[in-house]
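Student: Chains as they are written, first to last, in this note's numbering: chain A, 18 to 431; chain B, 18 to 431; chain C, 18 to 431; chain D, 18 to 431.
Rather than coming from a laboratory, the hints here were simulated on the basis of the structure.
Hints are supplied without guarantee of correctness; some may be wrong.
Put simply, identical chains are the same to the list, so a pair is met inside one copy or across any two.
[As the list claims (entries may be wrong)] Under the rule of at most 20 Å between Cα atoms (straight-line distance), these lysine to aspartate or glutamate pairs were calculated in the DMTMM-like manner:
(1) 415 <-> 205
(2) 415 <-> 145
(3) 90 <-> 373
(4) 389 <-> 423
(5) 389 <-> 215
(6) 90 <-> 379
(7) 25 <-> 70
(8) 90 <-> 375
If you want the building blocks of each chain, they are given just below.
Protein chains: 4
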Amino acid sequence: MFDELFGKLDDHDWLVALLDAERALAVVLGRAGLIPDDAARDIARCCSADAFDPVRIGHGSVASGNPVVPLVKRLRSLVRPDCARYVHFGATSQDIMDTAASLVATRALTPVLADAKAAADRCATLADEHRDTLMIARTLMQQALPTVFGLKCAGWLVALDEAMDGLRRVEPAAQLGGAVGTLSVLQDAGIPDAFAAELGLAAPVIPWHTNRTRMGALAGALGVLAGVLGKIALDVTLMAQTEVGEVAEATGGGSSTMPHKQNPTRSVLITAAVRQIPGLVSTMLATMPQEHERAAGNWHAEWETLSSLLRLTGGATARTRDLLDGLRVNPDRMRANLDLTGGLVMAEAISTRVGDGELVAEIARESVASGKSLRECLIEDPRITLSTQDIDAAMDPKAYLGAASDLIDRALRR
Amino acid sequence: MFDELFGKLDDHDWLVALLDAERALAVVLGRAGLIPDDAARDIARCCSADAFDPVRIGHGSVASGNPVVPLVKRLRSLVRPDCARYVHFGATSQDIMDTAASLVATRALTPVLADAKAAADRCATLADEHRDTLMIARTLMQQALPTVFGLKCAGWLVALDEAMDGLRRVEPAAQLGGAVGTLSVLQDAGIPDAFAAELGLAAPVIPWHTNRTRMGALAGALGVLAGVLGKIALDVTLMAQTEVGEVAEATGGGSSTMPHKQNPTRSVLITAAVRQIPGLVSTMLATMPQEHERAAGNWHAEWETLSSLLRLTGGATARTRDLLDGLRVNPDRMRANLDLTGGLVMAEAISTRVGDGELVAEIARESVASGKSLRECLIEDPRITLSTQDIDAAMDPKAYLGAASDLIDRALRR
Amino acid sequence: MFDELFGKLDDHDWLVALLDAERALAVVLGRAGLIPDDAARDIARCCSADAFDPVRIGHGSVASGNPVVPLVKRLRSLVRPDCARYVHFGATSQDIMDTAASLVATRALTPVLADAKAAADRCATLADEHRDTLMIARTLMQQALPTVFGLKCAGWLVALDEAMDGLRRVEPAAQLGGAVGTLSVLQDAGIPDAFAAELGLAAPVIPWHTNRTRMGALAGALGVLAGVLGKIALDVTLMAQTEVGEVAEATGGGSSTMPHKQNPTRSVLITAAVRQIPGLVSTMLATMPQEHERAAGNWHAEWETLSSLLRLTGGATARTRDLLDGLRVNPDRMRANLDLTGGLVMAEAISTRVGDGELVAEIARESVASGKSLRECLIEDPRITLSTQDIDAAMDPKAYLGAASDLIDRALRR
Amino acid sequence: MFDELFGKLDDHDWLVALLDAERALAVVLGRAGLIPDDAARDIARCCSADAFDPVRIGHGSVASGNPVVPLVKRLRSLVRPDCARYVHFGATSQDIMDTAASLVATRALTPVLADAKAAADRCATLADEHRDTLMIARTLMQQALPTVFGLKCAGWLVALDEAMDGLRRVEPAAQLGGAVGTLSVLQDAGIPDAFAAELGLAAPVIPWHTNRTRMGALAGALGVLAGVLGKIALDVTLMAQTEVGEVAEATGGGSSTMPHKQNPTRSVLITAAVRQIPGLVSTMLATMPQEHERAAGNWHAEWETLSSLLRLTGGATARTRDLLDGLRVNPDRMRANLDLTGGLVMAEAISTRVGDGELVAEIARESVASGKSLRECLIEDPRITLSTQDIDAAMDPKAYLGAASDLIDRALRR
């Protein structure tokens, strides 16, 4: 039920990955002559998830503390009797679990990166299209100075790009070290490289049973991406407020009791997923100190945490893509909001021209107090020597956009 | 697959709870004359989870952002056409979701508290049985002074008791406030009380749509319990080390490659679950600031987080009960470990008797350096005026247990 | 620098508390005849923070891993030489640190609770004063239905009350167990009770060196309070938006470059403090599993975490009190915002009267599409049989407040 | 007091960095002709931390919500009156704070990386020296199979290398965007590049006021390093247990009451620091969604969190270097522990030779039950056809190290 709202990654994904690891092990060992060729083929043939029931594997896991023991037992029962002893040859449960985790991650990251890329492309288009769409910039949730909507989109774009860069640098690795990471049975330090190559995973320098840097780095990179998605959703939610109305989602979420509402449901669901990420990242980092050659619990704590991280980030990225694809922008409301303070937001521009920020601030305060527009107050104030024309020029938001357009270009060139 | 290892709580539990909330609403409104009596009965009749497909409800949730909208739609299709308008009457989605969350929590907490109670009882039995079982106490993972195993168990007992007290003080509440918490349709502030009573939940002072103290407090209390379970599992794991061997689990987890190993699998799985809790608690607390009359994401972030918290704590509590039920204690190894330093651990006892800690420390260092036993060094040292008999008395661990037995009694009386 | 922004609690507070613990120990032991009376007096006389340099104590802590060892050494150098051996008699470093932590917490909580109480009282006043101040309620950041500002304040009030209740239930306890919690030297299980009484702290059942339930519960309760403060600050920040303008802080924070801005600085600083709490709570919970009779790191991780938790919650509570004391409410803007949709927010009220939500929703959508007011559309629509007078009555927000006033009364009575 | 234990980074570091940012701004603007050359020189001259009182700056920060406003005010009072208006020209508070944060981070990271490098080098030396030092590998805290201490050190080495790589990829950037990130006053998008160059910081594509990817990535990378340090400290703590005794710290921490103890104080303090990191990382990630053009709290929450992250990781890294520098290794105890099970840990080796794991497991269980050594049981069992010589060869741990030596070489080559 919640999967549909927040993202999906389940037992089946793990089961497939675990069996892919066992298959690749057999294939590589067969090729290396460490197990008979036809045993390798027979094992590979049987590594099909259909023949494995996750609930049974789960039940069988309790005694050993991980699903690989019952999975191997089941796999041995499926292969030709004389091949059974070659199943899982030279490997330890953690080799298969860690490799499966890397496969699960790699497979989950592919759509994440594709969706993030598409979202970034959409931001680029919006940045370019709206490079002249005036709106008010807001700091501490207060109207500040003019900007353009395109620059906001450029900010989203750069953030997405940087988050993707971070994620691309994470290379999930295969794991093959045998019972204690010495390759006690396989003996050949080259076998793990071949195993990694067979699966398209990175090959670690040495077994990483209790070196969890990759897990921590993956979690961190997902956390950064989630933070970026959260920023976009937050901006949309704020701009979509009834009182602001500058953007709307493609089709607002209906309310069960208030027919007029146009809820920013996508943003809400993105936010809901994103909020769950930092705690999960902290769990992944907290589990990094793992005892000796295999951890007594911290390793086991990774499995569901990693699944949730991938699942939630994946769901939120896909939804952000969808959000941006259908985002409806309302330049008229943006302009209207910019004009809401009757020019007060142009006070900095006036200050720069007048060269006396304190004076302008004082006049601005008078404008607020009296209800007269800032323009009027400025014209009337004898201490201001600018002509009405100069005042009007200084108060034109279009003329106070600084380097906004150049900055958009810089973001687009990246 | 992982459910079996770490605990179960799924869509079905939520679906049942959501329908229980809708049923109770109909019943209470029927009783109050706010909807026709037979409509109430017809709605109640249809609130059976069998008629609802969680995957479909999930799909239907995307547009609205929560499962209540499609659930209500489905329920309306099941009741007599003329009753459809009385389904979910006067309620908002959050009323049903929050009430369901409280039901899910209450139902999950029942076995948690029962298991924690049973675990505490087992600790009490162990504390009493082992009030004279000498062992070494360890501080900073170094042997320190003698204690008894019963006092360690008394410490677990008190911690479990305190954690249970904390959990019992949390009272999941019903929610019924209508669209914005004013009871705009139902109007009568007494209806929510009746609704709560019907479901056996606490009645809140006023609707708590964006007052999440109960959720935060529940998370905190689960976090404390998890911390206690983690402490017990950690102590067992440490005592079960091959080099220590003071306790063992009922039947150790077999290893896939090392037939001689007796893994403390229960403790490992408890630790794995417990490690995931603090991050989840932080998520629950971080989502507490919720906007206006309904949050744009922080509310939605609670559902899976709460489920995970309940699921993992539940699994870990049950496993702790099982762990303690079958714990095998080895008093001989405890005594052997106590004697491992050749009496050095009795140095404080000697110091107290001699009245010069520095001197005893110096002799203890000589003992370490020379390899001679502390007893021998003390007898030989001219600065020590105690008789050999007095030295032997001072070095008897049984005579240096302080108030251990009284402390155990205090714990048992509680 | 940051202390002033977010709250203060420093080395000096700890030093005073540590010395208070040593003093109370001497006093209690003197009274019990376990150390000479004049030694007790002499030690008590020297337990004055002025004679201790926190930096030196800090340097001296590195070898032992905690500040009590150098503190005791320094204290022994201050007392009469013949009293030196009675300093810290029968205690272990953790006894003094844990007791000091409880004192630090108790002392920090006093103003927290006073400020929270004052803030709650202010909410009560606001709730009562604004029980008829109409405003729009917002769900998912969209205008929903009418409510009154008083009910929002009542929500804050109840949340503060509940958070205070939670905090009051936490009872920081004294600690006195000796080296390994057996009272090996002091032997008498009643001494810790006397020690606790002397300091006005709770007396634990048995030493809690590695039973950290109190620390976890305190952290959780602070986390809940912080969540409530965050909720209030968030609502204020949102209502203070330039486009909303329903409330303002007493005096807005000036901007360095934008003279017209009235930043909700208090809310911003409260939010900044509150955001740091959940991570700190997770640390306190994650450190609960502590090894054997004293932890190898998890105990030591508590000190700064607890300080930060108390400091940040304290600062945020004081600032919330200040925020509420000076909050300026703008009922005109509230009313204006309520009218912003031209009556669309009254659609539910109409639906209830018409009895056909779908039909009203359709007309509401037509109103949005055509730009005609909902009232007009309703009058013109032949399917609506209500009189204009009935429509006007149904569209009066005052008439659609449900039980708001009763709910405020319930909150005030609490 | 706690600074000395866990690491230092304080107001002074921030003050210096803030003033460095203001100085660089003046210099760059002077060079670009945007402010008079002599004003630039005068401002630069006054940017000396000695003239600024952090407590006063702190007090002055409350109204504005950040320390830059009072700092600029103070700086303006220090420069020649005619230069005052050129102080902070074109910048916003966040430009200076963010730039200072990047400077603080860069400066804190330099010793972190140097200490991590030195620690890694020491691991490399240990790995090489101990490539033949037999010890027992432990999985789930149970003795498993033989390994060498050098391989454990190689694991630490690779983890440190990977964590350093991650940290080196983080490039703290300068910030210069003006009030809302448009460079409204400075106008020239090239100025921020010059500003960054002047300070030796990375130049961002565009202002990153509410794009916090760098902050999140820095936090994540520090979290990974901390996890690695925690792993090393944990292994040392476990190996230093009295019952294990395989390593000891250079000089153990004395106990206040137990003179014989050799506490692994460095490891304990490292662990204490490391435990606080994941919660802090979660805070940094949770604050990433920042509103519009400047956040209302999430930005402000970064300052102390970043300080703590840098401070604690810095302290823990320095201490890890010290820990490894003085680590005393006890190969005799390692060998003795390896022999503790009377050969049971060689069961896998026997299984491989016999080719029937179930049979060997059965015999191993008999050995455990009977108390006879595994060797004896194997010789006596008629189902085992290996000669006594073959059995002895199979049970030689030296012959069952797999690729340990090659793996060490791989780690050293890296």
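Student: Now tell me, hint by hint, if it's right for this structure.
Tutor: Hint by hint, here is what the structure shows:
1. 415 <-> 205: between (69 Å within a copy, 16 Å between copies)
2. 415 <-> 145: within (16 Å within a copy, 47 Å between copies)
3. 90 <-> 373: Classified as between; 15 Å across copies, 81 Å inside a copy.
4. 389 <-> 423: neither (35 Å within a copy, 42 Å between copies)
5. 389 <-> 215: neither (75 Å within a copy, 45 Å between copies)
6. 90 <-> 379: Result: close only across copies, 18 Å inter versus 81 Å intra.
7. 25 <-> 70: both (19 Å within a copy, 17 Å between copies)
8. 90 <-> 375: between (80 Å within a copy, 13 Å between copies)
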